[in-house]
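Asks: Please build the complex by placing chain R with the ligands on the supplied structure of chain P, with the hints as guidance.
Taken in sequence, the protein lines are chains P and R.
Residue numbers 1 to 116, in the numbering used here, belong to the letters of the first sequence in order.
Residue numbers 1 to 418, in the numbering used here, belong to the letters of the second sequence in order.
Keep in mind that a hint or two might mislead.
Part of the chain P face toward chain R, derived, beta carbon under 7 Å [unchecked claim]: (1) A34; (2) D36; (3) D37; (4) G41; (5) K43; (6) I70; (7) K85; (8) G86; (9) L94; (10) Q97; (11) A100; (12) K111.
These aren't lab readings, by the way, just hints derived from the structure by calculation.
By construction, the Cβ of each residue, glycine as well, lies at the ideal position given by its N, Cα and C atoms.
The lines below spell out each chain.
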Amino acid sequence: MPYIEVKGKKLELDEDGFLQDWQQWDEDVARALAADDRFTGAKVELTDEHWEIIRFLRNYFEKYGVAPPIRQLVKEVKKALGPEKGNLQYLYKLFPQGPAKDACRIAGLPKPTGCV
Amino acid sequence: MSETPLVDELEKGPWPSFVKEIKKTAEMMEKAKAEGKDVKLPETAMGVLKQLERSYEDKVTHWKHGGIVSVFGYGGGVIGRYSDLGDEIPEVHHFHTMRINMPAGWFYSTKALRGICDVWEKWGSGLTNFHGSTGDIIFLGTRTEYLQPCFDDLAHLEIPFDLGGSGSALRTPSACMGPALCEWACYDTLDICYRITHEFQDELHRPMWPYKFKFKFSGCPNDCVAAKLRADCSIVGTWRDEIKIDQEAVKEYAKWMDIENEVVKLCPTGAISWDGNELKIDNKNCVRCMHCINKMPKALRPGDERGATILIGAKAPMVDGAVASWVIIPFVPADEIFDTLTDLAEKIWEWWDENGKYRERVAELIWRLGMREFLKAVELEADVRMVKAPRNNPFMFFDKEELKPSKYVEELEKRGLR
Ligand code: SF4
Ligand code: SF4
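This is chain P alone, in the form it adopts within the complex (with noise of 0.2 Å):
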């Protein structure tokens, strides 16, 4: 499997370069995680706005223990960041390959389930 090096640490990631462990996350696995182009094709650079979604995120995993669905996802960034970016064109222009593959990826949150 491959891995990721932050501040001389190997993290797991799966095939699709999410975090095998949650816990291992912090503020600085996310920008190594937004950095790796190896799963996506491009970096994501990471402003505030990203930072917000990412922490809506996270908290939404540790209190719940799973992703949001996404309309709910875009729901609650409406409630709470007001409805320019309540919506999934703006957090497909903050994370181009969509809130499951970038969004949760550099959260750090376990590969969503689900297939085809």
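Replies: Okay, now just chain R with the ligands, sitting in the frame of chain P:
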């Protein structure tokens, strides 16, 4: 000695063989490589057979559960697949599937097809599936790093192509060939399918629902895309006035066809009468099954007031078995289908999204909460014409005598296996 003796067994016999086809592709890919063409995965097609051989030996699949891969701006359209034999058969370690949105009615020019195939030879295994059960073109087998360039090349073809839907999203809408080739089309299936695809790009490429949602468009009740049995929302062409009869043409049929037994007696509602001279149809009792029209296409035609019936909630067997769809709008005139549908779809999705559980299809939600709740949510009045499962039997039954043994059976008999 072949590397894949077990798999090779499947090349024997007179029937089509996927093994033969995969080997053809493998040869073609190796040849392309030898000719110096830029092909990235010349050995992947053969790798599939190697892995399959291992599966037959081990009696277990070596494909792992799906992964998450995608391209820019898209949350779906690519299905991640990995092999657990990645170390031994690296050719198939990554074997992602791409779904490509097919043209409405599956019409291609050879140029369009060549374009698609060239892109896939370059960036993928060369293996395709025309078409998957949703209707998309399926590209079988590539690596994560080739997804984006493959997608970019498809988008820049002279006749460009886009990804289709996957996951909890709108799936690629599909339509019968309709008025392009078929005289029975009661509305322009191709046009509506195309416009709906464009209208709902976001829903198609950016999954956000409890589960999948499908539209299928059939131009008449013959329902060649099986919308009534496969689509969450089925749009089936129909007519409101009377079947058009050409009595002279009926008489022509009467010369060689047993109209009484083949047509009159097989009308499900007994709406037809034939006295040897004139054919009469009691249109009030006709349920638009198409049987008489199919039997006598030169004499009978759908009426002039054409449009469609909109139905909700068909799906293939999963938890609760196969479900046929349920009429919710008995008739929309042809020129109002698009607006009616876009308006209706937004309401359906809103309700389903708000109330649906993870992986609950809209049909299952209707059972759980009731049709009454559904109708309230989509602002429709209950109506006696909202027939539940107007056609609920997807199977045809034949008498044994009607069946000739197929080549397959003959072959089995020849080999003493039957
Ligand atoms: S569904 Fe009807 S209109 Fe469409 S191709 Fe079949 S017979 Fe023709
Ligand atoms: S379409 Fe079907 S129901 Fe109508 S008259 Fe013909 S056979 Fe009878």
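Asks: The structure should be examined with respect to each hint, and the outcome stated for every one.
Replies: Verification of the supplied hints:
For A34(P), the shortest C-beta to C-beta distance to chain R is roughly 15 Å, which exceeds 7 Å, and the interface hint is violated. The criterion of a C-beta within 7 Å of any C-beta in chain R is not met by D36(P), whose closest approach is roughly 12 Å, and the hint is violated. With a cut of 7 Å, the hint placing D37(P) at the interface with chain R is violated, because the nearest CB-to-CB distance is about 9 Å. For G41(P), the interface hint holds, since its Cβ comes within 7 Å of a Cβ in chain R; the closest pair sits about 4 Å apart.
At about 12 Å, the closest approach between the beta carbon of K43(P) and any beta carbon in chain R exceeds 7 Å, and the interface hint on this residue is violated. With a least beta-carbon distance of about 4 Å to chain R, the hint placing I70(P) at the interface is held under the 7 Å criterion. Among the interface hints, the one on K85(P) is violated; its C-beta lies about 15 Å from the nearest C-beta in chain R, farther than the 7 Å criterion. Checking G86(P) against chain R: minimum C-beta separation of about 12 Å lies over 7 Å; hint violated.
Hint status for L94(P) relative to chain R: violated, with the closest Cβ pair at about 12 Å, above 7 Å. For the restraint placing Q97(P) at the interface with chain R, the shortest Cβ-Cβ distance is roughly 5 Å, inside the 7 Å limit, so the hint holds. For A100(P), the interface hint holds, since its Cβ comes within 7 Å of a Cβ in chain R; the closest pair sits about 6 Å apart. Interface restraint check for K111(P): the shortest CB-CB distance to chain R comes to about 6 Å, inside 7 Å, so the restraint holds.
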